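Chain by chain, the residues:
2 protein chains.
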Amino acid sequence: MAVDPKKALIKNRVAIVRDLDNGDDVADYLYANKLFTEDMRDSVLQEPEKDKKNRLILDTLGRRGQKAAKGLHDAFLDTENSDLAKLLAPYIRVIESEENRYRPKEWPPNSEEQDKMQKDSVRRIKDLKSPSYIHEYTDENVYEIRNKTRGKVFIINNVEFQTKLSTRQGSEKDAENMKSLFTELHFDVVQEDNLTGQDMLKFLKEERNKVDWNAMDCVILVVMSHGHTTGIFGTDGQEIELKKITELFESSQCPGLNEKPRLVFVQACRGENKESDHIGTGVQVSGNDSVTEGVHAMSLIGKDQIDAVAEMPNEDLKEKKTVHSAADFLIAYATPEGTPAYRHIHVGSWFLNAIVWTFKYHAHQEEIQHMLLKVNELVSQGRTMAGNLTVSEIKNNLRKKFYFFPGVYDDPPKFIDG
Amino acid sequence: MAVDPKKALIKNRVAIVRDLDNGDDVADYLYANKLFTEDMRDSVLQEPEKDKKNRLILDTLGRRGQKAAKGLHDAFLDTENSDLAKLLAPYIRVIESEENRYRPKEWPPNSEEQDKMQKDSVRRIKDLKSPSYIHEYTDENVYEIRNKTRGKVFIINNVEFQTKLSTRQGSEKDAENMKSLFTELHFDVVQEDNLTGQDMLKFLKEERNKVDWNAMDCVILVVMSHGHTTGIFGTDGQEIELKKITELFESSQCPGLNEKPRLVFVQACRGENKESDHIGTGVQVSGNDSVTEGVHAMSLIGKDQIDAVAEMPNEDLKEKKTVHSAADFLIAYATPEGTPAYRHIHVGSWFLNAIVWTFKYHAHQEEIQHMLLKVNELVSQGRTMAGNLTVSEIKNNLRKKFYFFPGVYDDPPKFIDG
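Quick note, the sequences are listed as chains V and H, same order. With the UniProt record's numbering applied, the first sequence closes on residue 418, and no number is skipped along the way. With the UniProt record's numbering applied, the second sequence closes on residue 418, and no number is skipped along the way.
All clues given are correct.
Identical copies look the same in the list; a pair holds intra-copy or inter-copy alike.
Listed below are the simulated DSSO-like cross-link pairs for lysine-lysine, each with C-alpha atoms no more than 27 angstroms apart in a straight line:
#  : residue 1 : residue 2
1  : Lys179    : Lys116
2  : Lys243    : Lys274
3  : Lys67     : Lys126
4  : Lys34     : Lys414
5  : Lys401    : Lys126
6  : Lys260    : Lys34
7  : Lys116    : Lys400
8  : Lys401    : Lys260
9  : Lys34     : Lys126
10 : Lys67     : Lys400
11 : Lys205    : Lys179
12 : Lys67     : Lys260
13 : Lys244    : Lys260
14 : Lys34     : Lys401
15 : Lys105    : Lys400
16 : Lys67     : Lys414
17 : Lys67     : Lys86
Treat the hints as calculated values from the structure; they're not laboratory data. Note that the structure is predicted; figures quoted are calculated from it, not measured.
All chains, full assembly: derive it from the sequences and hints.
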């Protein structure tokens, strides 16, 4: 029978109340390990009756979530209550294995952990009635994400270049991961590989024009290529300013998206200023390491920057503007301006892989700003063989919180099947 | 006697259970207004006994927070229960006045609202035992903010320029607001007015070198001046790259801040690309409107960009690097790249004023990313007479959540007096 880690304290309450003889020591341990405040510990110490003391410990811990069971288990081990610790052990094993699934032990992850993650599905909201969840769902400070299909994801995946730019090994992993992640998050995903500069713009414009955006909650762009400063390379070596890509989805050109969120994820270099920790990973694995997304002084055909053909804002739609054209955009970059981004040729880029790891296990609970803090943290853990490192960077003009609300749609919320 | 809005339902429970004769209508109203799910409404409809039905309504609403009392009040008005509505009215008045204090009715705010806000203190954490609060306080995904003095705030307030750049009227309001806000948030604030380009760097370097950063939780910079693209103007017209300012606090130059958060707030133009809603405020108030922070093709002495004297990273400290130099920075800009920022000459800049309004009423509950969404939203509401508008922009390389935790320090938490 499956062990429910949330029931660790309830299922063992009777035994703990009956058998724990040194509750004061346990309270001291919990205080030393920050699960109890000073006041909480003092209340326990002041309780003269054993049963009441033990119940007070459990009731106080009951408000501490899953940390509580683990803390109590360790407290029992530390206070010569190994029989009680054994009662909790099966629950602790489940808690620990769940925790470990949330976060890889190394970054980039080893292939075993990566495989395990890839078999997992996006976690879904399981309780339609949860008040805090409903509170956020209908809150005016939260973007409305409640269509059965939230919107479109357009993926540009440039791998093979007609110029001397290197083949972007591992990018196919990123593309697969992005596609399945956003499909599970209830988006309709359209992917194109190996587009020239002009074809990137053409692809996005054509796909955009097919959609009735009034029926959509939002749009997501994922751009994977080599890059430099503010531009993204087409397979012909033409550099397209990212701004030319994002402005296709500004309200003046796409009025159905007015005041709706646009999320943009960019896996590309933004310069060549490397930083190193002056240590390196020390592991010499030839041809098996993380590589950059930059141009690295290679001689490029078409290296000169050519602006894409600008599209004029639709004059009829000018009156529609209710917020600044930059508002409601969030652009997440693999790396800070001026620096290279890194990609592992087997598990994919540090950045997009961190997006998958984070969104998969946290999208049902956390707002996107907070998920992206986790992404920044994961990316910052990466090191190349030479010790090079980076951190992802978020440019945020959103005006509201953004939740994916995986598993539910409509208002009042209903479960999405499948 | 003061009315406690949280007690609206409890204090009137007996009367409501006794006197409400059409609970089904009330449940329907609450469902139509999204306070009840379909299931919640159906449970009420299926309950045959009046008393039990009414208790079920109250118990279900009890999990809905302050929205509940307001929703029930409106439901009573809508279902011909005006006597019951009157019972709730005093609580609703308190709830509404509290809500209104959080957010001005217009943006920029009128002087009456602004005065009222300025008399308010920063809201503080009032319950040391709140589990969710303690959870965040010691969570490894939250920056440690728990010294009695959190750190330093350095304010640069350039108002009068030796060049033809206009006097920045209203900036003194911003400076006062910033100083009192961050003092109340337990920072030690150092302000300098009217610095030349080189003196801005000199001021920051000297102040930085006075501090034992190992004893500090973080640093905050507030820069107020005219600006252009990536630079900030000194009073002599010299443009200093913002990067030159922020790198003074990178770990290589300030190792005591390694892995600690650095927050930077920039009130300055970043270009001259104006956007308008093509409507305008329609109010003609000569000399009483919002002005920009830009240079506007004025002939400038010293307009040419001169790089500040670069400071070399301290070689001894190189080994200290554990994360990328950009990590743990959050830079909040008044406006997107390439566009002008706006300032109201009486109440201060749209952006910094939005920071004060938001941090004052939400810092005790909300994480900084979420407060900055509110700031983006407030700034996006502003319009000049000509209908010009903007939105603030956040560049975020933080790796953890950031709470100000106003009112408490130390671990386990204690109240800060005063």
